[in-house]
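Participant: Take 1 as the starting number for the sequence shown in full-length UniProt numbering and just add one per residue.
No lab work stands behind these hints, which were simulated from the structure alone. Hints may contain errors.
[As the list claims (entries may be wrong)] Ranges of calculated distance between the beta carbons of each label pair, as one might list FRET restraints: (1) Arg40 with Gly132: 44 to 50 Å; (2) Pro183 with Ala112: 37 to 43 Å; (3) Arg161 with Gly267: 17 to 23 Å; (4) Arg40 with Glu135: 31 to 37 Å.
This structure is a prediction, so every number in the text was calculated from the model and none was measured. Think of the CB as a built atom: it goes at the ideal place given N, C-alpha and C, for glycine as much as any other residue.
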Amino acid sequence: MNDNSAPDDRKLSLFVGLSTVDIAYSVDSYPAEDTKTQARNQYIGAGGPATNAAVAYAALGGAPTLVTAVGTQRLGDLIRNDLAGHGVRIVDVCAGSDHQPPVSSIVVAEAAATRTVVSLDGTRIAVAYEHGLAELLPGVNIVLVDGHYPALAAGLCEQARSLGIPTVLDAGRFKDSHIALLPHIRSAICAAAFAPPGIRKGDTAAVLAYLRAAGVENIAITNGAEPIIGLAGDREFRIDIPETRAVDTLGAGDILHGAFCYFTSTGHDFVHALTSASEVASFSCRFFGTREWCNRLSELPGRGTSRPWA
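Kindly produce the complete structure, drawing on both the sequences and the hints.
Facilitator: Now the structure itself:
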C-alpha cells in the first residue's frame, strides 16, 4: 500500500475502485466498420468510476483519497500524474505489482452526443482488503465504492458503517459481488441498467424494492437525461435533469456521484445533494473529455450565488 500525498483540512472523502487509462477521440459521427477516421480532438487521462468521481469531488473543493490499484507499470505514471494535478491523493493497494492498468478506448460522436467504450475492467487484478486500510477512515465524511475490487470495497464499507460514516455505492450494472456489499451501503445510486437476478432491466419499482430489502436507506436510479427517481428513507422523489447542449456524456455519471458526495459532505440531504449534483453533471456534458469542465466552473449556472458550490 502506498499513498502519494497527505490530506489537508478540507472535507475529506474516500473513493474506492477502478483506475484506468482513458484514450478518447472526438469525431463527428460514429465510424463505419473497417474504415479510418480523422478525429477532431483527443483526450488521454485517468478514468474509471471512482477515479472520475474523486476528481469531481476535488474540483468542487473537497480533499478526496482514492484507494485503487495502479502498480509500477509505466502507464500507472499517467494515472498518478493526472490525479496529482487534480488534487486527488492515491493509496495504491498494488504498489509493488507490475500489472498493466486497464486501458479504455473511447469514441465520442458529437452529433449524437454518445460515447462508445471498449475496455477491460478490474477483474484481472487481484485486490484483497488489508485491515490497515481502516486507518484511512478517521476524519472522513463519506465513502464511495464503485463495485470493482469487491473484497476491498466490502471491507472498507463495513468499517466505515461501524464508525457511522455514510457509504455510497455507484452501481452501473448488477454484479454478484453486490449481494455481500449492499448490507454495508447507506445510499445507492444506480443506472437504469442495474438489474438484480430475477428483475427485468428497467423495472424500477422492483429494483427499489430489492435494494430496500437489502437494507439500503437512500436509493436513486439515473437514466441519462431522463429524471432521477428514487427513495429517500420512505419518501419517493423525482429530480428533473437540467437541459444542456451535450457534446460528450463520457463520465457524466461518475461526475454526478462525486458531486453528490461533495454536497452530502457539506451537509445537504440526499435529494438536495442529488439535485445539485445533477446540475454539475449536466454542465460537464458541455465539454469534451472528463476534465475540461473542472477548468470552466466559473461558467456553472448559479456559481457565485446561494448554490452549494458557490
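Participant: With reference to the structure, classify each hint as holding or not holding.
Facilitator: These are the hints, each one checked on the structure:
1. Arg40 with Gly132: 44 to 50 Å: Since the Cβ atoms of arginine 40 and glycine 132 sit about 46 Å apart, the hinted range of 44 to 50 Å holds.
2. Pro183 with Ala112: 37 to 43 Å: Hint holds: Cβ distance 40 Å, inside 37 to 43 Å.
3. Arg161 with Gly267: 17 to 23 Å: For glycine 267 against arginine 161, whose Cβ atoms are near 20 Å apart, the range 17 to 23 Å holds.
4. Arg40 with Glu135: 31 to 37 Å: At roughly 46 Å between Cβ atoms, glutamate 135 and arginine 40 fall outside 31 to 37 Å, so the hint is violated.
When held up to the earlier numbered hints, the structure conflicts with hint 4 and nothing else.
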